[in-house]
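**Student:** Residues per chain are reported as follows:
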Amino acid sequence: MDTQSYLPVQPGVGMQENFLSLDDILLSHERLPIRTECAFPRLGYLEKATDAQDIPQGLYERKRRVLSVELPKVYREGWRTVFNADPNVVDLHKMGPYYYGLGSQMLHFDSPENPEIAQTLLQTFIGRFRRNMDSSQNAYNEDTSALVERLDCLEKFLFTSGQSGLNGFQSWEKGRASQLTASSLVLNYRKRKMADVPP
Amino acid sequence: DPLTLHSSAKAEGRSDLIASIKLRHCCLLRNQRCVTAYLYDRLLRIRALRWEYGSVLPANVRFHMCAEEVQWFSQYKKSLASFMRSLGGGEGLDITQDMKPPKSLYIEVRCLKDHGEFEIDDGTVILLKKNSQHFLPRWKCEQLIRQGVLEHVMS
Numbered sequence: 001m002d003t004q005s006y007l008p009v010q011p012g013v014g015m016q017e018n019f020l021s022l023d024d025i026l027l028s029h030e031r032l033p034i035r036t037e038c039a040f041p042r043l044g045y046l047e048k049a050t051d052a053q054d055i056p057q058g059l060y061e062r063k064r065r066v067l068s069v070e071l072p073k074v075y076r077e078g079w080r081t082v083f084n085a086d087p088n089v090v091d092l093h094k095m096g097p098y099y100y101g102l103g104s105q106m107l108h109f110d111s112p113e114n115p116e117i118a119q120t121l122l123q124t125f126i127g128r129f130r131r132n133m134d135s136s137q138n139a140y141n142e143d144t145s146a147l148v149e150r151l152d153c154l155e156k157f158l159f160t161s162g163q164s165g166l167n168g169f170q171s172w173e174k175g176r177a178s179q180l181t182a183s184s185l186v187l188n189y190r191k192r193k194m195a196d197v198p199p
Numbered sequence: 001d002p003l004t005l006h007s008s009a010k011a012e013g014r015s016d017l018i019a020s021i022k023l024r025h026c027c028l029l030r031n032q033r034c035v036t037a038y039l040y041d042r043l044l045r046i047r048a049l050r051w052e053y054g055s056v057l058p059a060n061v062r063f064h065m066c067a068e069e070v071q072w073f074s075q076y077k078k079s080l081a082s083f084m085r086s087l088g089g090g091e092g093l094d095i096t097q098d099m100k101p102p103k104s105l106y107i108e109v110r111c112l113k114d115h116g117e118f119e120i121d122d123g124t125v126i127l128l129k130k131n132s133q134h135f136l137p138r139w140k141c142e143q144l145i146r147q148g149v150l151e152h153v154m155s
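Chains A and B, in that order, are what the protein sequence lines are.
With full-length UniProt numbering applied, the first sequence covers 1 to 199.
With full-length UniProt numbering applied, the second sequence covers 1 to 155.
Each hint should be verified, as a subset may be incorrect.
[Said to hold, decoys possible] Dumping the calculated BS3-like pairs for lysine-lysine here, alpha-carbon to alpha-carbon at most 25 Å: (1) Lys100/B to Lys174/A; (2) Lys103/B to Lys174/A; (3) Lys103/B to Lys191/A.
[Said to hold, decoys possible] Stretch by stretch, here's where chain A covers chain B in the computed footprint (C-beta under 8 Å, at least three residues): (4) 3 to 9; (5) 51 to 62; (6) 99 to 113.
Worth flagging that the hints you see were computed from the coordinates, not collected in a lab.
Where a beta carbon is used, it is the ideal one built from N, C-alpha and C, also for glycine.
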């Protein structure tokens with residue numbers, strides 16, 4: 001297995017966010033429908049009261065008393081019923097690629113439906129986990145795009161992790177564990193057509 | 001500074017502005033978070049290059065680094081070097097070598113691109129020409145393999 005030297009900041013667990021995590025920044029960029037509860041003088045781009053606006057979720061966090069948030073469709077009762085019925089049929093990538101991450105962050109907004117939302121998030125993950133793990137541990141040397149295209153980002157990360165373990169084990173079995181390899185970081189920089197290293 | 005703005009807004013009876021101040025401040029904090037995370041991620045990648053490439057970065061990578069990053073890399077190198085020197089009871093140990101347990105002293109390598117002349121310890125000079133194969137001491141080749149110049153050939 002290739003030892004990784006580049007260790008990016010991981011997304012936070014559950015309702016936690018990591019300030020420096022690029023994944024968490026991207027997920028909090030998802031837009032939420034909100035309603036403004038008061039006027040914002042001198043900020044021309046916001047209208048008063050009943051206008052429904054979309055604002056990136058990360059901006060909302062500190063504005064609780066002044067804005068109210070509506071739950072995105074995916075976390076509302078209609079979709080929750082679908083998820084509870086059979087979590088495996090849903091395309092979680094299409095339903096906002098950060099389904100679990102954003103869902104966990106939505107719990108901060110103290111909606112009365114929080115217990116149901118949390119329950120659905122958890123049960124969906126559990127329902128899909130078995131199939132994801134199986135496919136990540138058994139797809140060796142093949143095109144996995146069909147397996148991966150309906151996964152949310154957290155599931156994709158787990159899938160990649162599983163694949164890396166599988167590949168490492170296979171390469172060990174073939175006696176290739178002691179083979180020295182080029183650094184993947186270096187290969188990536190090469191692929192982006194940078195000039196060759198002067199000797 | 002939003003705190004002073006906030007209190008002077010209250011003082012002057014312009015508390016209607018507070019919501020705007022808060023929202024604008026929120027946007028600024030968001031931008032700050034994005035910039036900080038971006039710069040931090042760059043540092044993580046630069047640090048990884050020390051381990052995966054070596055202590056001298058190629059000119060094209062250095063070209064894309066700002067002066068502070070170059071300085072950071074040089075200080076990181078120094079910290080790593082003094083740490084390595086202190087290992088093994090003061091004798092020093094290069095922990096960037098032998099990242100995979102070595103199986104033999106010499107290995108077969110193939111040259112992936114022209115790299116010019118290469119001197120090994122007994123004074124012999126090898127010409128690293130593309131597609132040539134050589135039987136060389138493992139520790140001499142390790143860095144060149146990582147850099148993608150040589151390829152480790154397994155029999």
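**Student:** I'd like to know which numbered hints this structure contradicts. Please list them from smallest to largest.
**Tutor:** 3 and 4
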